[in-house]
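Enquirer: Starting from the given sequences, assemble the full structure and let the hints guide the process.
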Amino acid sequence: MNAIQIPTAATSRDVIVSIGRLNKSFGAFHVLKDVDLDVGRGEVVVIIGASGSGKSTLIRCVNGLEMYQSGRLTVDGFNMPTEADRAIGGEKELARIRKGVGMVFQQFNLFPHMSAIDNVAIAPIRVRGRKPDEARASALRLLDRVGLHDHAHKLPAQLSGGQQQRVAIARSLAMEPHIMLFDEPTSALDPEMVGEVLDVMRELAREGMTMMIVTHEMGFAREVADRVVYIDHGRILEIGTPTEIFDRPTHERTKTFLSRVLRH
Amino acid sequence: MTTVALRWVHRNLFAKPFDTALSLVVIPMLAWAVYAFAHWALIEAHWQVVGGSFKVLMTGIYPAGQLWRAWFSVATLCAMFGAGLGLSLRPGRAALTAVASVAILIAAALAAAIDVHSGMLTAACAALGIAAWIGTQRSAVDQRIVLSGLLAGVVAVFVVLSPPGFEVWGGLLLSVVLTIAVSILTLPFGILLALGRQSRITSLRVISTAYIETMRSVPLILVVYWIWIIVPLLAPDTSVPGLLRGMAGFALFFAAYVAEYVRSGLQAVPKGQIEAAKSLAMSSWTLNVDIVLPQALRVVVPSLVGQILDIFNGATLVFIIGLTDFLRAGQMILADPQNSGRTYEIYVFLFAVYLAIGGAITYASRRLEAHLARGSR
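Which chain is which? The protein sequence lines are S and B, in order. If you use my numbering, the first sequence corresponds to residues 1 to 264, in order. If you use my numbering, the second sequence corresponds to residues 1 to 377, in order.
Hints are computed from structural coordinates only; laboratory data are not their basis. Since we're looking at a predicted model, the values are computed, not measured. Fair warning: there could be bad hints in the mix.
Unchecked claim - Below, computed lysine-lysine pairings styled on DSS-like, alpha-carbon distance capped at 27 Å: (1) LYS278(B) x LYS131(S); (2) LYS278(B) x LYS33(S); (3) LYS131(S) x LYS99(S); (4) LYS99(S) x LYS271(B); (5) LYS154(S) x LYS271(B); (6) LYS33(S) x LYS255(S); (7) LYS278(B) x LYS99(S); (8) LYS92(S) x LYS131(S); (9) LYS154(S) x LYS131(S).
Expert: Shown next as C-alpha cells:
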C-alpha cells in the first residue's frame, strides 16, 4: 500500500517550505515520523487530524518553536537547524527564518501590556529597525485591514476573542512574512466570533499569501485549501485536493476521522 | 445614631457567649493600656528631650550651618513620594486626602510645639508632598519620564547632601537616604541575577544561583560587616567612606532577594508570550526587555515595595560599621547623662516615626497591589 502520495502540485511551483523525512520526539514519544511535505509559494495547505496526531507540532517546527531531531527542513531557502545544531548555536539561521514566517496561535498570545497598535508595531521597530512613527502608521493600516481601526489604542483585555485574534494576525503581517502559520486559530473562540477571523484568513488566501493552517473548521478547509494534509499518529497518511480528501478519501483511518468530524 | 452604635456593638462584640467573655476581658485591658499610655504621654513624659535633640535625631552630626541641604532633600523626597503615589495609583477618595491633610496639621502642630522653625518647614514639606499627590492624580505621563524624574530627584538629593562629606550623614536622614539608594541599586542587579539564573549559559546560571543562595543563607549584618572590612583590603590606597561601603553591603545582600522576587515574576509570564515574541524573530534582549520583564515586574512590584520596608528596618544595623542611623542617634542622645531618665520618651518617639514610615510604605504597597490587579483584569 502506498502510504504517502507524492504531491505533484507543489513540485512544479516555487517551493517555500520543503520537509523531508522529518522526525521529532518529545523524549521517548515519537511525535512526527518521516514526514515529507513541500509547500509551494502562494499555496494554502490545511493540515487536519485528530488531536495529538502531531499537526500542531509539524507547523511549530516550521518556525523553530519545536526542535526536530533528524531529517531536512528548509524554509524560504534557509536550512532549519536541528536540535543538535541548536545546542551549539544556530540562532542566526533561526532568526533569519523567523523574520519571514508569521505565526498565529490558538491562544492569541497578544502582549497584554501593550495597546493593539503597539502589539503590531513592536516587532518591526525592534527587529526590523523601523522608525516608531512609520511602524505605527503601517500598524494602523494593518489594523484597518483587519477591521480594527477604531480599536487601535485598546489593550488586549478590552477586546473580544475574535478581535484579539485579528490583532494577532495583523501583528504577524507587520513583519511582512512570506508564509503564515496558523495553529488552530479559531479553536479558542466563541462560535459567533469564528467567522470574523476566517474572513480575514480568506482574504489573505485570496491575496496569494502562503499559508499552513491547522484547523478543525472543515468547511473552511474545503473552501480555501489548495491541498489538504491528513496526519495520523505522526505520519502523513494522505495529501490531496479538498475534493480528493473530503469526497474520496482512500484511507480507512481518514474516512473514520472525517465521518467523526463531519457528522455534526 | 445610638441605636446604630448599639447594634454594631452587639453584633461585633457581644454576639455569642464566647465573644462576650472575650470582650469583657479584652476591652478593659485595652482601655487600661490606652489610659496608662495617655496619662504617661500627656502628663508625666518630658517631651522636651525630643525637641532638644531633634536635629541629632534627624541628621546626626550634619553641620548645623548646612541644614538647608537636609531640608532640600526632605522636600524633594516628599514631592517624589507624593508624585509617585499620584501617578501610580488611581485617584483615591476625597476622604483619604482629608485624613492626610489633618495628619499634616497635627504633625505640624506637634512639631511647632517642639520647635517653631522646623515645625513650619516640616509642614511645608508635607504639604508639598500632598500637593504633588493631588496634582499628579489625573495626569497621564509616560512611565519612562516618571522613572527618570524620580531617578533625577534621587541623584539631586545625593549631590546636594554630599559636600559636607559622607561621614557627617546621620539620623533619620541617613536611614532614609540609605534605603532609597539601596532600593534603586538592588533593582538592576537583582534583575540581572534573576535572568542569569534562568540563562541557557551554564556558567552564568551557576554563578547567579550560587550568589543568590549564598546571600540568602547568611545574615544581613554579616554581609554588611564583611563588605566593610574587605573593601580596604581590595583597594588599600583609596578610602571609601563607610556609608558607601554600607550601601554596597546592603545592595549586594538585598539584590539576592530582589532576584528571587523577579524570578517568581518571570515564571508567572505565560509561555505563549515567549513563543509569540520568538515567532516575531525578536532577539533574546528584546524578548526580555520589551515583553517578559514588563509583565514580570508588574507582578512583583508590590513585593519589591514591601522589600523597601525590609531595607528601611534593616538600616538600623549600620551602627555595626560605625554609622549613626536613626535608632543609633536616639541611643546616642540617651548616652548623655543629662537625658538618662528620658529613655521612654526617646524610644516612643522612635517607635512612632518607624511606625509612620513603615505604615506609609505598607499602604503604598497595598494600594499598588490592588491597582495592578485591577489593571490586569
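Enquirer: Given the hinted pair LYS99(S) and LYS271(B), is their Cα-Cα distance within 27 Å?
Expert: holds, 20 Å
Enquirer: Given the hinted pair LYS154(S) and LYS271(B), is their alpha-carbon gap at most 27 Å?
Expert: Satisfied, since the Cα-Cα distance of roughly 23 Å is no more than 27 Å.
Enquirer: Does the structure keep LYS278(B) and LYS131(S) at a Cα separation of 27 Å or less?
Expert: With a Cα-Cα distance of about 21 Å, the restraint between LYS278(B) and LYS131(S) holds, given a limit of 27 Å.
Enquirer: Are the Cα positions of LYS33(S) and LYS255(S) separated by 27 Å at most?
Expert: At roughly 21 Å apart (the allowed maximum being 27 Å), LYS255(S) and LYS33(S) satisfy the hint.
Enquirer: Assess, step by step, whether the Cα of LYS278(B) is no farther than 27 Å from the Cα of LYS33(S), and give holds or violated.
Expert: holds, 25 Å
Enquirer: Against the 27 Å threshold, does the CA-CA distance of LYS131(S) and LYS99(S) hold or violate the hint?
Expert: holds, 17 Å
Enquirer: With a cut-off of 27 Å on the C-alpha distance, tell me whether LYS278(B) and LYS99(S) pass.
Expert: holds, 10 Å
Enquirer: For the pair we were handed, LYS154(S) and LYS131(S), check the Cα-Cα distance against 27 Å.
Expert: Given pair LYS154(S), LYS131(S) holds - Cα atoms ~22 Å apart, limit 27 Å.
Enquirer: So if I understand the rule, the pair passes when the alpha-carbon distance is 27 Å or less; does LYS92(S) with LYS131(S) pass?
Expert: Judged against 27 Å, a Cα distance of about 23 Å means the pair holds.
Going through the hint list in order, the structure satisfies each hint without exception.
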